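One line per chain: the protein sequences are D and F, in this order. Read in order, the letters of the first sequence correspond to residues 1480 to 1979 in this note's numbering. Read in order, the letters of the second sequence correspond to residues 895 to 1118 in this note's numbering.
Don't read these hints as lab results, they were simulated from the structure. Note that the coordinates shown come from a computational prediction; the quantities given were computed from them, not determined experimentally. Each residue gets a CB set at the ideal place from its N, CA and C atoms; glycine is no exception. You may find that some hints are simply not true.
[Unchecked claim] Calculated Cβ distances over 10 Å to all of chain F for the following chain D residues:
| id | residue |
| --- | --- |
| 1 | T1485 |
| 2 | V1500 |
| 3 | L1528 |
| 4 | L1547 |
| 5 | G1555 |
| 6 | R1573 |
| 7 | V1611 |
| 8 | H1642 |
| 9 | T1745 |
| 10 | E1755 |
[As the list claims (entries may be wrong)] Simulated crosslink set (DMTMM-like; lysine to aspartate or glutamate; CA at most 25 Å straight-line):
| id | chain 1 | residue 1 | chain 2 | residue 2 |
| --- | --- | --- | --- | --- |
| 11 | F | K904 | F | E1048 |
| 12 | F | K1013 | F | E1096 |
| 13 | F | K904 | D | E1755 |
| 14 | D | K1763 | F | E1048 |
[As the list claims (entries may be wrong)] So these bits of chain F aren't anywhere near chain D, every CB distance computed over 10 Å:
| id | residue |
| --- | --- |
| 15 | T977 |
| 16 | E986 |
| 17 | F999 |
| 18 | P1019 |
| 19 | V1088 |
| 20 | E1096 |
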Amino acid sequence: MRSLRTRLVASTAVGAAVVLVAAGAALYLLVRDGLVAQFDEAMLDKARLLASATEFEGGKVDLEFDELDMGEFAAGGRPAYLQVWLPDGSVRYRSPSLGGKDLDRPTGPAGEPVLGPVVLPDGRAGRAVGLVFSPRVEGGGRRDAPGRQNAGVPALTLVLARHVAPVEAMLVRLKVLLAAVGAVTVAVTAGVLWVAVRRGLRSVDRLAGEIGAVDEADLARRIAVPDVPAELAPVVECLNRLLVRLEAAFERERGFSADVAHELRTPLAGLRAKMEVTLARPRKLPEYEDVLRTCLRITVRMQAMVEHLLVLVRLDAGQIQLCPEPVRLNAVVRDAWHPLAERADARRLRLEWRLAEHGHIVADPALLSLVVHNVLENAVFHADEGGSVVVESAAQDEAVRFRVVNSGSCLTQAEADHVFERFWRGDGARSDAGVHCGLGLPLVKRAAEALGGTVTIRSQAGGEFQVIVSVPRETATGSPAGMASSGRSRAASPFRSSAP
Amino acid sequence: MKVLLVEDYKPVRTSVAQGLREAGFAVDATGDGEEGLWFARTGEYDAVILDLMLPGTDGLTILRCLRDDANPVPVLVLTARDTVRDRVRGLELGADDYLVKPFAFDELLARVRVLVRRKYEEASPVLRVDDLEIAPALGTARRGGRVLDLTAREYAILEFLAHRAGRVVSRSDIWEHVYDFNAEPNSNVIDVYVARLRRRLEEGGRSRIIHTRRGQGYVLGERG
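With the hints as constraints, model all of the structure from the sequences given.
Here it is as structure tokens:
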């Protein structure tokens, strides 16, 4: 695992080291050149001084060095060297420090002084200045520039050499100093960075701890890191938003499971209580028949509910494979009405059919039938006794519309907006728990969506309750439910709920 | 003993009411929350069985209203919701017991009996008055070790008197606790039942155990 801290610190240290080495080298070269130039300047000054102390008098070169400080040219110690040649190459002067040895006589054109490194007679490194000059002519004006030689005045060559040891020593000290400063700077930078990054990352550790403490059983918890760095704040914020969404999803899921449990337990409790109480003592035959009929009714409703649930869950999971084929909506409506007719008669409902001819549509017949059946069933069960039900179909450009209106709605539009929530029931429906499990219209909505259609509810308390289903003429291919094959044959399809 | 049953799911309501009646309880049953609250506020109940999900006024609201009225009637909450949160909420609001659907009817019965016993602050499941022993769990009464042959109504009156042994119980009290809301009030009926009870209790020349207090009512066990 690569450590962010190690990488950060290492790269910073390397970067700092490169910068420092470059800067140190530049500084070193600058200082060295400066020192050498200074050194050379001093040497040149001395050479010029010596040159000016040279006279030409009466055809004879006269060195008046005695008036100058010639201590450095003495033998022993760390001497400087001085040698003067006459034009013919013969040595005119040799400093005592030379001890008979020679310096290199510079060659080349006379004029500018020649400066450069040399190996000194004692074998050490030094620098020398070579100067070709005309001595001062005593009594006859000034020494001229070497270019304009007076006749008879010889051009002397003077070489002055000095040890560079003092300069070198200083340069070594400089090198050591620069290296030390560089090393300390890199080390301090790395150290400070190491600590700072660790401090900074401590909130990452705390954040990790907080995230680790998030438990799926308690999603109400929010991640709170004190003094969270600005860079991490968006992460924390995103995580908290994620937690909010997760909590909502879990809550929905939990609420749904609780609802499922509740809705299944209630009829189960009815079955169990009925049977236990009945079996507690011997009864007459009609009593048993009565209880059995009640139990059967409860069982049929439970079965319908379980099937509704199954279809819903499968639609949600995309496990229902649609098989679109040409169907006639009106035929589906008539088929779906069949099992409801008796119930509608029993409730003395006035029916009005307004089925317009609209040709074929291409849709999954089972799913379409499920939608139609549930919408009709809802109307038959919720219309007021002796009320009216209008069943209407109409063709539109790209869709067909199926509308069912029943009288005696007890829901306001605001309440009706809840009908697509699973297990939601108007208070009126609740007293007859088990008959309307609160899954019919949610299923209609989900199934209509799978068919590419829409469902709209309009309701007026004490007035009409309308369900408007709009289905496209051609179900779009690649339907949302086409993910996995359910592998079920049409006959075994759970779509059509049993008629109550 | 009289029980109020508030449950909106008809199969559960009818069969629990039937089972309770057959076990000797008087039962008022309703499927509506508001009606349930009205019953609970106006009637004399030894226990209330309350479903939480009700149309109109839900069970928790009824419970809160009763406790706000300082009504101490024991309440058994009956619900299909079984999360700890739901249970805790019910108990915090003053429910005395909790039963999750689906339940065994015998367990419901046993729990209701415990609630009734607790109401009369009895520790023992068997009520003893002199040589009379009543076991509400079994619905039986013995005198001197011999089981008495009682009808459900006779037994109900005897058990009610036994719960209040030594205290004077008025006819209307007996009526309130032994008869349903639907029964026609008739205090003569109580006298008739008490007379029959005495006959059973005094079989074999045993001493009188239900005494009449003129103008007040009856008292079980206390002589004179």
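Tested hints:
1. With a cut of 10 Å on Cβ distances, T1485 (chain D) stays outside the contact zone with chain F, its closest approach being about 48 Å.
2. Every CB of chain F lies more than 10 Å from the CB of V1500 (chain D), the least distance being 68 Å, so the non-interface label holds.
3. Residue-level check passed: L1528 (chain D) sits 107 Å from the nearest beta carbon of chain F, beyond 10 Å.
4. Remark: the non-interface label on L1547 (chain D) is consistent with the geometry, its nearest Cβ contact in chain F lying 110 Å away (cut-off 10 Å).
5. At roughly 105 Å from the closest C-beta of chain F, the C-beta of G1555 (chain D) stays outside 10 Å, upholding its exclusion from the interface.
6. Every C-beta of chain F lies more than 10 Å from that of R1573 (chain D), the closest at about 113 Å, which supports listing it as non-interface.
7. Against chain F, the non-interface label of V1611 (chain D) holds: every CB pair exceeds 10 Å, the least being about 110 Å.
8. The Cβ of H1642 (chain D) sits about 96 Å from the closest Cβ of chain F, beyond the 10 Å cut-off, so the non-interface label holds.
9. Distance check for T1745 (chain D) against chain F: the nearest CB is about 5 Å away, which does not clear 10 Å, and the non-interface claim fails.
10. In this structure E1755 (chain D) is not separated from chain F by more than 10 Å, as the shortest Cβ-Cβ distance comes to only about 4 Å.
11. Taking the CA atoms of K904 (chain F) and E1048 (chain F), the gap is about 29 Å. The hint is violated against a cut of 25 Å.
12. Restraint check: the Cα-Cα separation between K1013 (chain F) and E1096 (chain F) comes to about 29 Å, which exceeds 25 Å; the hinted pair is violated.
13. With a C-alpha separation of about 16 Å, the suggested pair K904 (chain F) and E1755 (chain D) falls inside the 25 Å cut-off, and the hint holds.
14. Restraint check for K1763 (chain D) and E1048 (chain F): satisfied, since their Cα atoms lie roughly 24 Å apart, inside the 25 Å limit.
15. Consistency note on T977 (chain F): stated as away from chain D, yet its beta-carbon is not over 10 Å from all of that chain's, at 7 Å minimum.
16. Taking the minimum C-beta to C-beta distance to chain D, about 19 Å, the non-interface status of E986 (chain F) holds against the 10 Å cut.
17. Non-interface status of F999 (chain F) relative to chain D is broken: a Cβ of that chain comes within 10 Å, the nearest being about 4 Å off.
18. Non-interface call for P1019 (chain F) relative to chain D: holds, since the shortest CB-CB distance, roughly 20 Å, exceeds 10 Å.
19. Distance check for V1088 (chain F) against chain D: the nearest CB is about 27 Å away, which clears 10 Å, and the non-interface claim stands.
20. Even its closest Cβ contact with chain D, about 29 Å, leaves E1096 (chain F) beyond 10 Å, as expected for a residue assigned away from the interface.
Of the numbered hints listed earlier, those contradicted by the structure are 9, 10, 11, 12, 15 and 17.
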